[in-house]
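Using the sequences and the hints, build the whole thing.
Listed below, chain by chain, are the residues.
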Amino acid sequence: MDFSLNEFQAMLSDSVAKFVSNEYDFETRQASAAAPRGFNDAIWQNFCDLGWTALPFSEAEGGLDGGPIETMLLMQHFGRGLVVEPYLANIVLAGGVLRRLASDTQKSRWLAPIIAGELQAALAFAEPQSRYDIGDIGTTATRDADGWLINGSKAVVLNGGNAELLIIPAVLDGVSLFAVAADTDGVTRRRYSTVDGATAAEITLRNVRVDSGALLGTAGDGLATLEAVLDEAILAVCAEGVGIMQALTEKTVEYSKNRVQFGVPIGSFQALQHRMVDMFTATEQSYSLLLWATMASAAAADDAKRAVSAIKYQIGTAGKRVGQEAVQLHGGMGMSWEFDVGHYFKRLTVIGQLFGNADWHLDRLAQ
Amino acid sequence: MPLSREHQQRFQKALYARGWAGYNWPVEYGGTGWSLVQKYLFQKEMADANMPAIVPFGLGMVGPIIYTYGSAEQKQRFLPDILASNTWWCQGYSEPGSGSDLASLKTRAERDGDHYIVNGTKTWTTLAQHADWIFCLVRTSSDSARRQDGISFLLVDMATPGVSVRPIITIDGSHEINEVHFDAVRVPRDNLVGEEGKGWTYGKVLLQHERTGTAGVARTQYRLRELRAQAGRSVRGAAPLSNDANFMRKIAAVEVELKALEYTELRTLAAVTSGKAPGAESSILKFKGTELQQAVDELYLEAAGYYALPYVPEQYVYDFPDQDRVGEGVETDAAPRYFNFRKASIYGGSNEIQKNIIAKHVLGL
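Top to bottom, those sequences are chains A and B. Here the first sequence stands for residues 1 to 367, numbered as in the working numbering. Here the second sequence stands for residues 368 to 732, numbered as in the working numbering.
For the record, the hints were derived by calculation from the structure and aren't laboratory data. You may find that some hints are simply not true.
[To be verified] Simulated crosslink set (SDA-like; lysine to any residue; CA at most 20 Å straight-line):
| # | chain 1 | residue 1 | chain 2 | residue 2 |
| --- | --- | --- | --- | --- |
| 1 | B | LYS617 | B | GLY646 |
| 2 | A | LYS320 | B | ASN613 |
| 3 | A | LYS320 | B | GLN660 |
This is how it looks when you write it as structure tokens:
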């Protein structure tokens, strides 16, 4: 197996790593999370200037032609730095749909400003009743003059409160995806913070009238696209999860070397050493699966879909253990808001809940 | 989430009006004088009715210490207000450098005539922001070979000059715990409980009390019943979670473990009631109880799905209007609660310390 990175990948990985270690310490991250929109506009603009928001898009779209491996490298470092800026919502989710379905006109209206950092976007993939089943859609689109009338509710829309563009899946000849400006009449949003320091919204659409230019792709194309985009999103958050697990394992080992109780560093206790070895092992195993899944996806291999479920199951289970152990071994420090470990743990917990939890994906693998 | 001081006091005063505030206390100090079985049943009924928990520091901890080891004057001075929940107490044990290794504590109390001068820092002090008084383990001597022998049990009025409280926000965003600083705080020697240098012995009695008190089997069972009930219903038009056999198996597995712990607790109760010492089984109550509490928190998180994500602190209070909630029932505070109760395996002697004690004193290793 050849796991080496090409020149572009090595440069990308290096630049994201440098940003995280030099420009994104925990205090900066907390300030981002506490900002009005739940992220720092200047940092987001910096991501655009560095080309990171253009990463997965084609050159024709103004992108860098990156694929799953490039996104993995970026997200893994974002995990280590606990980056809260809405890369997943804008670039992986909304961008993933637009890249696949949008016409040139739609791309210049929606995608170009996303890449430039001028527009925030969200993909409303969940509904109040749907849990993890993206095909369970109650929102409808009915033909109305030269456009459509959309009615329905969307749940826990990541970045939904910030977004100027909402991508709305609705039932029309199967599932169809619509680009809806968030300020369209009939769209109401309840915005809130999420437990990982980001933001989301509950969105209701009542007789929302959109014109013919709102349909992305062909009517009925929606579900296959959603599935493909969410698989990419799973790989992205799992890469982030691996970065978090690596950070937590390192921080815990370091803490145990310095925290003295009973006259010795607590890392000298065998009972704790074995638990840190377990954290380390869980993290390494997760990284291995991540590489398999990402490479399978990059190669469009036959088992790519199973690999996606495998890594999501792994991050759900191993991530939970590593997160809980990191907090436990840090004692009261792990429980403190002022200290970073608890925030890594919370983001890892949210990753476990996103796009199907461990059991959901184990069910997919068992079939 | 913790109640406000006002709500908590109103609840405890309602218990006091019924004569139940001192359910754990002897009759001569205004308690019920109940048998262990009666106390057990009271706690179980309280849990089954989903009553708030009694904040333990006054009624459960310092009260019993004072009526057991305190002077007549201290009993008269402190016990009536503790019983009536007129005063709020907090516990000054842990320090920044003394967590699991509590006996290494450094807060000093030096004699100065009729006073002690106290200097040091206590941390993770639960609800100190509401407290009128703090009971502390302080070092009065560094002379003895055993570190434990220089520790004394001191009562400090929080309004004394030199006492300051700094909030510590926990990862769920709530303010329950604090750091309490003592900067040349003058404490009358009358506030020493029992003998100087015996504080460790008194404090250990408290920690042992904390171990049985935190098993919380009935409360965890109540939460699991709530989860089962919600799993049987359709929420927002979704198929009931009870259709998911995997999830229901997980509920059943925790129910089995909880039943086991309920009977472990009953075995302890039976032994003590028949005049024997609590058996070795009692040592597992605290850590197993917190493990199961946390296992149920994890199931709540699973049940919540995407609705574990919203962080809407204003809706965690009891009178928030239902129509404005994000998430329903068990979803409402599933994640913050899961985060917050990771503390349960850390406080009151971490689960690792509990296992050390069992290994040493029960298994003789």
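* So which hints don't hold here, by number, going up? -> 1
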